[in-house]
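First to last, the sequence lines map onto chains A and B. Mind the numbering: the first sequence is residues 1 to 231 in the working numbering, read in order. Mind the numbering: the second sequence is residues 1001 to 1223 in the working numbering, read in order.
To be clear, the hints were calculated from the coordinates, so they are not data collected in a lab. It cannot be assumed that every hint is accurate.
Stated by the list, open to error - Subject to a maximum C-alpha distance of 30 Å in a straight line, what follows is the list of computed DSS-like cross-link-like pairs (lysine-lysine): (1) B:K1074 <-> A:K224; (2) B:K1098 <-> A:K191; (3) B:K1088 <-> B:K1098; (4) B:K1098 <-> A:K67; (5) A:K191 <-> B:K1109; (6) B:K1137 <-> B:K1126.
What the hints assert, rightly or not - A partial selection of chain A residues facing chain B, derived with a Cβ cut-off under 10 Å: (7) P156; (8) H189; (9) E190.
Computed from a prediction, not measured in an experiment: that's the story for all the values here. Ideal placement from N, C-alpha and C gives every residue a C-beta, glycine not left out.
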Amino acid sequence: MRKLLLLIWLASCLQSASACSLAIHDWQLRCSLRLSPDITILPLSEASALHERVADGSINTVYRLEKPTFYGVVLNILLTIFGGHDSPVTWVLVSSGHNLVDIAAREGGSTAVLSADRHSLKLALFSDRNSRNRCHQLVLYETKRIRAIHPHPERPWAEETAGTAWISLVFFEYPVPESILSLSAFPIHEKIEDLYANLPFIKSLVRTGMLKRRPGAEFTPESKEIPPMPE
Amino acid sequence: MRTVSFFLHASLIFYILCAGTVAAQEYRRIDIERLLREHPLMKKFDPEVARFIKTPDERKDVSLIRTERTEIEKRLAQAEAAKSAIVKSNLLSRPGSKELEEAWSRIRKMDSEIAGLKSTLERLSKFLEAGGIPTLKVLMDDVRWMLSDILSRQPHGETTILLNVFPRFSAPCPAFPESGLSDFLHSKDVGMLRTYASYSCYTGILFPSCSEPILFRKGENER
């Protein structure tokens, strides 16, 4: 009976505001910016697209086709170091002038070749009405088309996916290190991951009423989702 | 007991569906229990298992689910092999740009099919783990549809509030965490009342549009 009550209540609260673990926010869009870069800014969905293949140990090198830039090289180093793969995987930047299929056919075996195009990048700033617009969320949201090929000799694989990746920074008043509440990103292992949360600071803001206290989990389910992005 | 529970659930959903119209001009009294009993879908209700037979809500034989799962696994393996063949013959053979786009289009279609099969496989695996009993959501969907159907047949204006006659069986008080309504009613303890009041949001779910106390005739609800 109690479960049913809870279920009905949850159904009636589907449109509840998003919440972090301690505070409840009512995010309002303040401003946004849309760009169409020709390079990847957030390569999280690329790593996620290959996660399953990498996990089964069949890939040890990933060739990422992109316009060669210093930023791209740095990203590849970061992907190699922090790719989050159990087995070591080397990410190599290849000029986008090359053909994806040609490289896949040439390299074969334990490699994967990946390219991303049709990039769309949105930068949006939201303010929390529950904190009288003193708490803010800055979201960097990227969508792109990803094509990946793994030319395994027996079970070759290819996939085209619509990659979505975002990184969200929540801060109080100013985006300076001591005012940062949390940092989260998607997708990391296909989930939203909290990279950083300043719990003592959040608790003090909740205690002093600067942030609206989130009622118990049974009243307001926690949501790690970002607010809807503007079109 | 299962029947009692079912009708109580159905009554609760009725309150959700008929959540109040403040500016109502007219009140109309209906007996949701009687209307439910007369509904054609109720002929399929099996009180033993509290599920509707010959609907998606019906309890399934575990061996049938296993057979279906094996079949899906086989189809999934075939689809993945077919996709590998497309990659090998149409993509890695370095085709021209037109053929290349066609190959990607075929891969997208195969991925869509594979995703559908994986989703079915996951559903069947969960179904199997639950011993062939569909989730409560499936039951709720059936009940919700039945109640919507019943209510749509009731002649009433847009501002009419439909008042349901409470089910005519003794339903247990909702159990609340830590301390509940039944505890309070039996002990008449002030501290208990405070705790109960702190859970008023739960009772609000039961009566979302009710601002008046509910009065019962003496003896009517005594147990």
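Outcome of the hint check:
1. B:K1074 <-> A:K224: Given pair K1074 (chain B), K224 (chain A) is violated - Cα atoms ~37 Å apart, limit 30 Å.
2. B:K1098 <-> A:K191: Judged against 30 Å, a Cα distance of about 36 Å means the pair is violated.
3. B:K1088 <-> B:K1098: 17 Å, holds
4. B:K1098 <-> A:K67: 24 Å, holds
5. A:K191 <-> B:K1109: Given that 30 Å is the threshold and the Cα spacing comes to 25 Å, the pair holds.
6. B:K1137 <-> B:K1126: OK: K1137 (chain B) and K1126 (chain B) at ~13 Å, within 30 Å.
7. P156: For P156 (chain A), the interface hint holds, since the closest Cβ of chain B sits about 4 Å away, which is under 10 Å.
8. H189: It is violated, given that the least Cβ distance between H189 (chain A) and chain B is near 18 Å, above 10 Å.
9. E190: 14 Å, violated
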